[in-house]
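Participant: Sequences listed follow chains E and B, in order.
Using my numbering, read the first sequence as starting at 1 and increasing by one per residue.
Using my numbering, read the second sequence as starting at 1001 and increasing by one per residue.
No lab work stands behind these hints, which were simulated from the structure alone.
Think of the CB as a built atom: it goes at the ideal place given N, C-alpha and C, for glycine as much as any other residue.
Careful, some of the hints might be misleading.
Stated by the list, open to error - One-sided and incomplete, this derived list gives chain B residues near chain E with beta-carbon spacing under 7 Å:
#1 ASP1027
#2 LEU1044
#3 LEU1046
#4 ASN1070
#5 SER1073
#6 GLY1104
#7 GLU1105
#8 PHE1108
Stated by the list, open to error - Reference listing, derived: stretches of chain E covered by chain B, where coverage requires no fewer than 3 residues with Cβ under 8 Å from a Cβ of chain B:
#9 37–48
#10 92–99
Stated by the list, open to error - Below, a list of computed lysine-lysine pairs in the BS3-like style, where the Cα atoms sit at most 25 Å apart:
#11 LYS1041/B - LYS42/E
#12 LYS1055/B - LYS103/E
#13 LYS42/E - LYS1020/B
#14 LYS58/E - LYS42/E
#15 LYS1041/B - LYS1066/B
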Amino acid sequence: ILNVEQSPQSLHVQEGDSTNFTCSFPSSNFYALHWYRWETAKSPEALFVMTLNGDEKKKGRISATLNTKEGYSYLYIKGSQPEDSATYLCAFLSGNTPLVFGKGTRLSVIA
Amino acid sequence: GAVVSQHPSWVICKSGTSVKIECRSLDFQATTMFWYRQFPKQSLMLMATSNEGSKATYEQGVEKDKFLINHASLTLSTLTVTSAHPEDSSFYICSVPSGATNTGELFFGEGSRLTVL
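In isolation and in its complexed conformation, chain B is listed as follows:
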């Protein structure tokens, strides 16, 4: 199956700085990638759908100007948290549809834990 690589695994930054998280599909080309966020003791929540060569689709309540998504190639999507604040501290994880069926099965990256001081 596909291997999805996410980097960095951990990042600590100061309030007001921007942080970029990369998600790479290593085994196949992905026209779509999903970005999820998980707060402590909560479920994975879809933030946005990243579309290769076009604008990302954001879920309700997710600020597109704060969470910049770029999907410039078929193997790489990036999420940039701009002007990060402590409330943005969370676990961010990307995923790629398996594509084998239309049942929505996902391959996940390892996730990135962001701590904003």
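Chain E on its own, in the form it takes in the complex:
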């Protein structure tokens, strides 16, 4: 069974603080790594889909890096805002299994 670990499970930050969290995944048979943002009572929405080792993607204040050789990805949020409060899911896609999700990191940004 493939294991995708996310840490921390939850965190609270002050508005304006920058933060980051981690996704660990198997380093073998890598195909893609996804990050989704899931706000309460809404649908999860894809933030990034990363496929290449060393990939670094950015969308506004949010960015992500990927290390497929050691099996981890970081998600960074610069200058957190209350609207960034959500659960951030990562998901690992290998060559021969369906997408496997982590449990998510629940971020609360306090104004």
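Guided by the hints, dock chain B onto chain E, whose structure is given.
Facilitator: Leaving out everything else, chain B in the frame of chain E:
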């Protein structure tokens, strides 16, 4: 991007009854839809892959006779929880592959929370 609509958002039912959840792809035709389940403090777990015009593919440990999936059209898949019991209480969410690339990106519905009394 695609919009996926799921209904109902909440459902409470008595033990032994059946519950149907609908998942609609509003923006494009979907030959494949995925059904996930999430128990409290757990990750989204794939239950089954719904295939338009053919039988669904179930993941190991998911009872196909209990979780009936019908994908009769390119825009609608339904999940029926038959003879529901309290242990079936969970959050059920469907998704549709974006189709833009082969990287597996998904569009999700809003999810349905089932409570079985």
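Participant: Run every hint past the structure and note whether it holds.
Facilitator: Going down the list of hints, with the structure as the test:
Look at ASP1027/B: its Cβ only gets to about 13 Å from chain E, farther than 7 Å, so that hint breaks. The criterion of a C-beta within 7 Å of any C-beta in chain E is met by LEU1044/B, whose closest approach is roughly 4 Å, and the hint holds. Satisfaction of the interface hint for LEU1046/B is found here, the shortest Cβ-Cβ separation to chain E being roughly 5 Å, below the 7 Å cut-off. Given hint, ASN1070/B at the interface with chain E, is violated; its Cβ is 20 Å from that chain's nearest Cβ, farther than 7 Å.
A cut of 7 Å between beta carbons decides the hint on SER1073/B: the least distance to chain E is about 21 Å, and the hint is violated. Proximity of GLY1104/B to chain E holds as hinted, the smallest CB-CB distance being about 5 Å (cut-off 7 Å). The beta carbon of GLU1105/B comes within 5 Å of a beta carbon in chain E, closer than 7 Å, and the hint placing it at the interface holds. The interface hint given for PHE1108/B is met, as the beta carbon of that residue sits about 4 Å from the closest beta carbon of chain E, less than 7 Å.
With a threshold of 8 Å between beta carbons, the proposed coverage of the stretch 37–48 of chain E by chain B holds, since 6 of its residues qualify and at least three are required. Using a Cβ-Cβ cut-off of 8 Å, 3 residues of the stretch 92–99 of chain E lie near chain B, which meets the minimum of three, so the contact claim holds. Distance restraint check for LYS1041/B and LYS42/E: the Cα-Cα separation of roughly 18 Å lies within the 25 Å cut-off, and the hinted pair is therefore satisfied. Simply put, LYS1055/B and LYS103/E have alpha-carbon atoms about 29 Å apart, too far for the 25 Å limit, and the pair is violated.
Pair hint LYS42/E plus LYS1020/B holds up; C-alpha atoms about 20 Å apart against a cutoff of 25 Å. Simply put, LYS58/E and LYS42/E have alpha-carbon atoms about 22 Å apart, close enough for the 25 Å limit, and the pair holds. In summary, the hint linking LYS1041/B to LYS1066/B is supported, as the alpha carbons are separated by about 24 Å, within the 25 Å threshold.
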